[in-house]
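> Okay, here's what each chain looks like letter by letter:
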Amino acid sequence: MRSSSFSELTKGIWRENPILALCLGMCPTLAVTTNATNGMGMGLSTLCVLVGSNAVISMIKDIVPKKIRIPCYIVVIATFVTVVDFLLKAYAPASLYNALGIFIPLIVVNCIVLGRAEAFASKNTVYRSILDGIGMGLGFTLALVALGCVREFLTNGSLFEVKMITPWSISCMLPGSAPGAFIILGFFLAGMNYINMRKAKKSGKVYQAPPDLDCRHCNICFISKD
Amino acid sequence: MINLKKTENVIVLGLFLGLIGGVAAALLGYVFEITKEPIKKAQMAKTNQALKDVLPDFNNQPSEEILTFTSPDAEKFKVMFYPAKKDGVLVGFAGRSITKRGYGGEIEVMTGLNPDGVIRTVIVTRQNETPGLGTVVTERKRVVTIFDILGMGKKVDKSKLPPNPILDQFDNHSDSPSDSWPKPWSVKKDGGQLNFVTGATISSRAVTDAVFRIAKTFEVEKAAIMLKLNLKPETK
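Protein sequence lines correspond, in order, to chains A and B.
Counting with the working numbering, you get residues 1 to 226 for the letters of the first sequence.
Counting with the working numbering, you get residues 1 to 236 for the letters of the second sequence.
By construction, these hints were calculated from the structure, which means they are not laboratory data.
Don't be surprised by glycine CBs; every beta carbon is placed ideally from N, CA and C.
The reader is advised that the hints may include incorrect statements.
[Stated by the list, open to error] Chain B regions said to be covered by chain A (calculated; three or more residues, Cβ under 8 Å):
id, region
1, 9–22
2, 27–34
3, 42–48
4, 125–133
5, 136–147
[Stated by the list, open to error] Short derived list, chain A residues pointing at chain B, Cβ under 10 Å:
id, residue
6, Thr-34
7, Val-64
8, Lys-67
9, Pro-71
10, Lys-89
Build the full structure now, drawing on both the sequences and the hints.
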C-alpha cells in the first residue's frame with residue numbers, strides 16, 4: 001500500500017506528466033510560460049485547485065448521479081477556482097496577480113482538472129485522490145517552470161527575472177511569443193519521448209504509452225452513450 | 001429510498017444540481033465577504049504606490065479628493081486629477097487618463113504634475129502591449145542581474161523610478177502657451193518632436209496621446225481645478 005500510494009504521488013511528475021505525457025492544458029501552458037515566475041505562479045494555483053477539487057469530488061462521488069456528474073464536477077472546480085482568484089487578488093503581490101489574472105478563470109476549463117476528476121477522483125478514495133492531485137499539480141508546475149526557464153533564458157538571458165548573462169542586451173522575440181512556445185514545447189516532448197524510448201531499449205523492450213493513457217481509458221467521448 | 005447514483009428522475013437530478021449550486025454559492029459568498037476588505041486594500045495600495053511614484057512628498061489622501069473632467073477633444077475620455085497636499089499646501093497633481101490607440105487596446109497612464117501643470121514623471125499603470133516591443137515604451141523596469149544578487153553589482157538608488165527614455169521625454173513640459181513644444185505633441189515619425197521606439201511606433205504614439213490628453217485637460221480646466229480646491233488660479 002505504501003509503495004502504491006507513493007507511486008500515485010510520483011506518477012504525475014514524470015510517467016503521466018500532465019503536459020509532457022498527457023498533453024493536457026496546453027492553453028495556459030503556452031500562454032503563461034513567457035517567464036519562469038509566471039509559470040510557477042500558474043502551476044501552484046492549479047495545484048491548489050487540483051488538490052481541492054480532487055478531494056471534494058472523491059468525497060461526493062458516491063452520491064452524485066451518474067447522469068449529471070460532469071456538471072457537478074464543473075461547479076466544484078469553478079468554485080475552487082473562484083476562491084483561489086479571490087485569495088490571490090487579496091493576498092498575492094500585485095505583480096503576480098497582474099501576470100496571472102486573466103489565466104486564473106481559465107483553470108475552470110483546464111483539461112487537467114476535469115480530466116483528473118473524471119479519470120481518477122471519481123473512482124478512488126479521498127486520500128489517493130489528494131495524492132494524485134498533489135502529484136499532478138507538481139508535475140504541471142515543474143513542466144511550466146522548465147518551459148518558462150527555457151523561454152525566458154532564450155528571450156533575454158534571464159531566469160526568474162534575474163539577468164544571468166549581463167552583456168545580453170537585445171531581446172530575442174521568438175521564444176517569448178506563441179510560435180516559439182509551440183517550437184520549444186515540441187523539443188520538450190521529443191526529449192521526453194527520446195528518454196523513454198532509450199530507457200525501454202536498454203531493458204530490451206519497445207516503448208509504448210502507458211495503457212491507462214490511451215484513448216480506451218478516457219470515457220469523456222462516451223458520456224452520452226451510458 | 002431512491003438510488004441517487006443511478007437515478008434518471010429529472011426532478012431528483014435537478015434538485016441535486018440545485019443543491020450543489022446552492023452550496024457552491026454559499027461558499028463563494030462567504031469567501032467574497034472575507035476577502036472584500038483585503039482586495040479593496042490591495043487595490044488602494046496599488047493606486048497609492050503609483051501616486052507615490054509620480055508625486056513629491058505628500059501627506060493627504062489624494063484618492064479621496066479626485067477631480068474628474070472630460071477631455072476637451074473628440075474622444076471625451078475621463079481625465080482624473082489627484083491633488084497632493086503637504087500640510088494643506090498643494091504640492092502637485094497626479095493626472096490619470098487612458099488612450100485606446102495602443103497596439104493591445106487601452107493604455108492607462110499616470111503623470112505627476114507640478115501645481116502649474118508642468119509634467120514631473122510619467123508612468124504607465126495599465127497596458128497590454130506586445131512583450132519586448134511595446135513594453136519597451138511602457139515599462140519602467142530595473143534589470144536585476146546575477147551580480148546584484150551576489151552583491152557585486154553597481155549600487156542603484158531604489159527610491160527613484162528606473163529611467164525610461166521614452167517616458168522621460170515628457171518631463172518638464174506642459175501644454176501652456178509658454179512651452180516650446182509644438183502642439184499637439186507627436187512622435188518624430190509624424191513630424192513631431194518626440195523620439196519613439198522603432199518597431200513600437202503605435203505604442204509610442206499611444207503614450208504620447210494619453211500624456212498630451214492629461215496636459216491639455218489640465219491647461220483647459222486649470223481655473224476650474226483651482227476653483228474646486230479653493231485656490232486662486234496662478235498668475236504668471
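> If a hint holds in the structure, say so; if it doesn't, say that too.
Quick rundown of the hints versus the structure:
1. Judged by the Cβ-Cβ criterion of 8 Å, the region 9–22 of chain B is covered by chain A as claimed, because 6 of its residues qualify and three suffice.
2. Given as covered by chain A, the region 27–34 of chain B passes the check, having 4 residues with a CB less than 8 Å from a CB of that chain where 3 are the minimum.
3. Counting residues of the region 42–48 of chain B whose beta-carbon sits less than 8 Å from any beta-carbon of chain A gives 3, enough to reach three: the coverage restraint holds.
4. With 3 residues carrying a beta carbon less than 8 Å from a beta carbon of chain A, the region 125–133 of chain B meets the three-residue requirement, and the given coverage holds.
5. Coverage of the region 136–147 of chain B by chain A holds in this model, with 5 residues showing a Cβ closer than 8 Å to a Cβ of that chain against a need of three.
6. This hint holds: Thr-34 (chain A) has a C-beta 6 Å from the nearest C-beta of chain B, less than the 10 Å allowed.
7. Using the Cβ-Cβ criterion of 10 Å, the hint placing Val-64 (chain A) at the interface with chain B is satisfied: the shortest such distance is roughly 7 Å.
8. Hint status for Lys-67 (chain A): holds, given a least beta-carbon distance of 6 Å to chain B, under 10 Å.
9. For Pro-71 (chain A), the suggested interface contact is upheld, since its CB lies about 6 Å from the closest CB of chain B, less than 10 Å.
10. Interface restraint check for Lys-89 (chain A): the shortest CB-CB distance to chain B comes to about 5 Å, inside 10 Å, so the restraint holds.
When held up to the earlier numbered hints, the structure conflicts with none and fits them all.
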